[in-house]
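Student: Please model the entire structure based on the sequences and the hints provided.
Taking my numbering, the leading residue of the sequence shown gets 45, the next gets one more, and so forth.
The reader is advised that the hints may include incorrect statements.
Okay, derived cross-link-like pairs now, BS3-like style, lysine-lysine, Cα gap no bigger than 30 Å in a straight line [to be verified]:
(1) K128 to K58
(2) K113 to K58
(3) K58 to K110
(4) K113 to K99
(5) K78 to K113
(6) K111 to K128
Pairwise CB distance ranges (calculated) [what the hints assert, rightly or not]:
(7) G77 to N125: 28 to 34 Å
(8) Q57 to S97: 30 to 36 Å
(9) K83 to K110: 17 to 23 Å
(10) P65 to R108: 17 to 23 Å
(11) D66 to P87: 17 to 23 Å
(12) S97 to G77: 28 to 34 Å
(13) H124 to G77: 31 to 37 Å
For the record, the hints were derived by calculation from the structure and aren't laboratory data.
All values reported here derive from a predicted model rather than from experimental measurement.
Using N, Cα and C, we set each Cβ at its ideal position, and we do this for glycine too.
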Amino acid sequence: MHYVYFLWSESLQKIYIGETPDIHARLVYHNSGKQRYTKAGIPWRVIGYVPFSTKNNAKIEEKRLKKCKNRNYYRWYLQHNGKKFEEA
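Tutor: Right under this line is the structure:
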């Protein structure tokens, strides 16, 4: 199972979209400051995710969503397709 996940940075007021097989591990990585693009937005929190049966399908959807760049669409998309993320 692969996931397209949505992160929110309160400090930047931005949404970041990514793809991963492990949402928990990816969130830890983003908040570690090791990724250049998300470093400035620490702390990030997961606001939702969408599961996909294959990595390829998740990658295709991630690319499509990243081209959109519309926060209101992201909110609509998560309400209709996404699942809420719960910390372990």
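Student: Are there hints from earlier that the structure breaks, and if so, what are their numbers?
Tutor: none
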